[in-house]
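Here's the letter readout for the chains.
2 protein chains.
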Amino acid sequence: MRDFTFFNPTRIEFGKGKEANIGLYLKEFGVDSALILYGSERVKKNGLFDRVAASLGEQGIAFVELGGVISNPLISRVRDAVKIAKEKDLQAVVAVGGGSVLDSAKAVAAGAKYVNDVWDFFVGKAVVEAALPVFSIMTLAATGSEMNMAGVVTNDETRQKYAIVSPLLFPKVSVINPELMASVPRDYLAYSAVDVFSHCLDLYFSASYLPEFSAELIEAILKTVMRTTDALLKNSNDYDARGEFAWAATMALNGNTFVGVEGNTYDTHMIEHAMSALYNVPHGAGLAVVLPAWLKDIKNQMPERFERFADKVFGASGVDAGIDKLTEWFSTIGAPVTFAQAGLSEDAVDPIAENAFGNAKLWKMDTMYPQERISKILKLAV
Amino acid sequence: MRDFTFFNPTRIEFGKGKEANIGLYLKEFGVDSALILYGSERVKKNGLFDRVAASLGEQGIAFVELGGVISNPLISRVRDAVKIAKEKDLQAVVAVGGGSVLDSAKAVAAGAKYVNDVWDFFVGKAVVEAALPVFSIMTLAATGSEMNMAGVVTNDETRQKYAIVSPLLFPKVSVINPELMASVPRDYLAYSAVDVFSHCLDLYFSASYLPEFSAELIEAILKTVMRTTDALLKNSNDYDARGEFAWAATMALNGNTFVGVEGNTYDTHMIEHAMSALYNVPHGAGLAVVLPAWLKDIKNQMPERFERFADKVFGASGVDAGIDKLTEWFSTIGAPVTFAQAGLSEDAVDPIAENAFGNAKLWKMDTMYPQERISKILKLAV
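Same order as they appear, the protein sequences are chains A and B.
For the first sequence, the positions run 1 to 382 when the numbering used here is used.
For the second sequence, the positions run 1 to 382 when the numbering used here is used.
No wet-lab data here; the hints were simulated from the structure.
All values reported here derive from a predicted model rather than from experimental measurement.
Using N, Cα and C, we set each Cβ at its ideal position, and we do this for glycine too.
Heads up, some of the hints might be wrong.
Claimed, not checked - Listed next, the stretches of chain A that the computed footprint assigns to chain B, with coverage defined by at least 3 CB atoms under 8 Å from CB atoms of chain B:
id, segment
1, 213 to 224
2, 368 to 381
Unchecked claim - Restraint ranges, calculated between C-beta atoms of paired labels, are given here:
id, chain 1, residue 1, chain 2, residue 2, range
3, B, F7, A, D3, 21 to 27 Å
4, B, E129, A, G343, 56 to 62 Å
5, B, Y239, A, K83, 33 to 39 Å
6, B, S345, A, G318, 56 to 62 Å
7, A, D240, B, G30, 14 to 20 Å
8, B, G68, A, G318, 32 to 38 Å
9, A, S76, B, D230, 40 to 46 Å
10, A, S375, B, G334, 27 to 33 Å
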């Protein structure tokens with residue numbers, strides 16, 4: 001066991017109808033005004049926005065609303081929101097949506113308390129020293145953002161997809177109501193499953209030291225995701241499956257899997273962020289392309305762990321069996337596993353590798369991942 | 001998945017030498033003075049107390065020390081400590097020891113901010129509305145108290161072993177340094193393993209609804225405890241085993257296993273608290289006697305779950321196999337599994353059952369556990 005600090009103060013409110021208490025949750029933190037951030041107009045049409053607004057109203061909490069956050073969210077939109085939060089002197093940010101909305105909300109929360117440009121936090125030019133409290137009501141389970149301190153946003157001008165990270169950005173309260181996720185389209189359910197796999201497998205296969213308990217926790221998360229995704233593709237209203245899927249997604253990136261681990265990196269995320277930054281591929285779709293290719297590239301470095309993975313997660317044996325079964329399952333649920341299936345041509349390899357190498361430098365992974373190696377991995381998926 | 005709230009703001013600082021930072025951790029919370037609570041003089045002899053005192057001194061934090069907390073800690077001792085904390089207007093409580101010391105520290109923290117007798121919190125006469133911040137440096141892993149909001153203390157006069165529970169009692173920071181646990185005697189290691197088993201199996205076998213992920217998490221904790229206990233009985237200086245054991249103990253009672261569960265109760269704890277309150281049996285030793293007996297009593301209520309337990313935890317098959325293997329393993333590691341082995345005669349059955357029924361009433365379990373049923377369970381262990 002390597003030394004670690006575990007700290008995660010986010011409160012999760014899980015269950016049916018919990019979004020109706022959001023005003024109470026804000027009030028507990030002494031909040032009198034808030035920015036409600038959301039994505040598509042779907043939350044307006046299906047009544048969710050109105051329930052949130054009513055709950056804030058009941059507690060006398062004034063709010064300003066701002067919609068239009070897109071997947072692979074943009075820093076330009078964050079800047080607009082920061083401006084509003086500053087002008088109106090708002091005291092909190094409430095995200096109603098999926099990971100893109102919540103990641104944007106975290107950036108807004110930090111930007112609203114900062115005198116210069118919020119992008120500074122993403123490129124390491126500044127450290128978050130204050131932030132508005134963040135609350136979330138999740139309509140998609142995938143990124144784990146509801147219970148962690150990171151947010152990923154793309155710079156529209158530079159096409160850099162970077163992260164803001166600070167303990168001040170843990171949401172104070174996150175609402176997970178599986179019923180709000182019942183209408184997630186099948187393709188986004190698949191992308192979400194892939195995202196959770198990637199959060200787990202980046203760690204599982206990059207760690208130089210992986211405690212047995214961490215390995216078992218990850219395997220339990222992966223098996224839960226597979227079982228519940230299969231169940232949801234059969235019946236999208238399976239409440240228990242939706243709830244277990246959501247909690248598995250939260251657990252995959254709330255710090256528990258990292259306990260006592262050494263040397264882990266976000267390899268597939270480092271590469272995929274380039275793909276979605278440049279070509280606006282859905283994050284989970286990009287990961288489905290990158291993950292099997294990355295696994296093929298590294299499999300000979302740790303054959304025992306690959307054999308264990310095949311055995312514990314798929315009941316199969318051999319180094320390659322786990323990769324094959326994983327790829328096959330991604331295909332079964334409708335995730336793309338090649339460039340072509342993701343709508344990309346081979347010409348995209350070089351720009352993606354170049355952009356990803358920028359991530360590698362920022363994440364201090366450039367020694368391990370020279371641009372040529374990234375190209376080589378990407379070509380395994382062409 | 002049933003509705004739940006998950007909230008656990010305790011920060012864990014895990015690793016070698018982390019106790020030397022305790023002054024810094026207190027300082028982060030603006031603390032200028034503290035009560036250092038400990039148990040036996042062992043922490044004085046082995047230098048741990050001096051390291052803690054030096055760290056507080058470096059940060060200019062004044063402290064008063066109070067030792068002598070015993071296992072199955074007493075409310076009389078807590079009252080003494082509360083008096084000191086009030087008189088000296090101390091701002092924090094630092095527990096240096098195992099679960100008994102930390103549980104006492106939590107009671108002191110609440111009592112110091114309360115005008116009446118601290119026992120009121122244990123019998124439901126008052127609710128904790130303020131508490132001093134609690135910090136801990138653990139020398140024994142078992143109770144999970146380092147990352148939860150409960151403390152169990154015995155009333156010396158009434159022989160009631162009851163609990164104080166409040167979100168205000170989550171430790172702010174808990175230090176887990178496996179090296180500090182290397183000198184735990186073999187019998188206490190065994191009792192600790194049993195305590196963790198009991199925290200897990202009370203939930204696993206009492207829940208009317210147990211999500212698959214929760215079951216897998218519990219099974220992973222149990223397997224970790226067995227593997228590491230066996231390793232530590234061979235080599236008490238196995239750092240990784242000590243660390244994994246400690247983290248498994250923390251995970252067993254920090255809320256993660258309870259997620260989405262319905263109808264769980266603390267059955268063996270309800271019974272065992274009577275045993276250790278009346279006869280001062282070590283808590284884990286008492287649980288080793290009660291747990292197999294309780295499992296025999298309930299096995300026909302949920303045969304599928306018993307079959308699963310046997311399979312997943314012991315690789316055995318059948319309802320009885322799991323109970324037999326568990327009892328056998330408890331014996332192998334040196335835990336008592338009968339009244340006689342725990343130094344109790346059959347005459348103890350009635351007093352224990354009567355006292356336990358008091359717990360059952362307080363915990364609203366008396367309909368399910370009339371005194372005769374508790375006697376019947378206890379007799380299975382005579």
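Indicate whether the distance between the beta carbons of A/S76 and B/D230 respects the range 40 to 46 Å. violated, 58 Å
Between B/F7 and A/D3, does the C-beta distance stay in 21 to 27 Å? holds, 25 Å
Return holds or violated for the Cβ distance of B/Y239 and A/K83 against the range 33 to 39 Å. Since the Cβ atoms of B/Y239 and A/K83 sit about 52 Å apart, the hinted range of 33 to 39 Å is violated.
Taking beta carbons only, do three or more residues of the segment 368 to 381 of chain A come closer than 8 Å to chain B? violated (count 0)
Go ahead and decide if the range 27 to 33 Å is satisfied by the Cβ distance of A/S375 to B/G334. Taking Cβ atoms as reference, A/S375 and B/G334 lie about 59 Å apart, which means the hint is violated.
B/G30 and A/D240 - C-beta distance against the hinted 14 to 20 Å: Taking Cβ atoms as reference, A/D240 and B/G30 lie about 45 Å apart, which means the hint is violated.
Hint says 56 to 62 Å; check whether the CB-CB distance for B/S345 and A/G318 agrees. The hinted range 56 to 62 Å holds for B/S345 and A/G318, with Cβ atoms some 58 Å apart.
Three residues or more, CB to CB closer than 8 Å: is that satisfied between the segment 213 to 224 of chain A and chain B? With 7 residues closer than 8 Å to chain B, the segment 213 to 224 of chain A meets the three-residue bar; holds.
Using the beta carbons of B/E129 and A/G343, state whether their distance is inside 56 to 62 Å or not. holds, 59 Å
The hint says 32 to 38 Å between B/G68 and A/G318; measuring C-beta to C-beta, is that right? violated, 59 Å
When held up to the earlier numbered hints, the structure conflicts with 2, 5, 7, 8, 9, 10 and fits the remainder.
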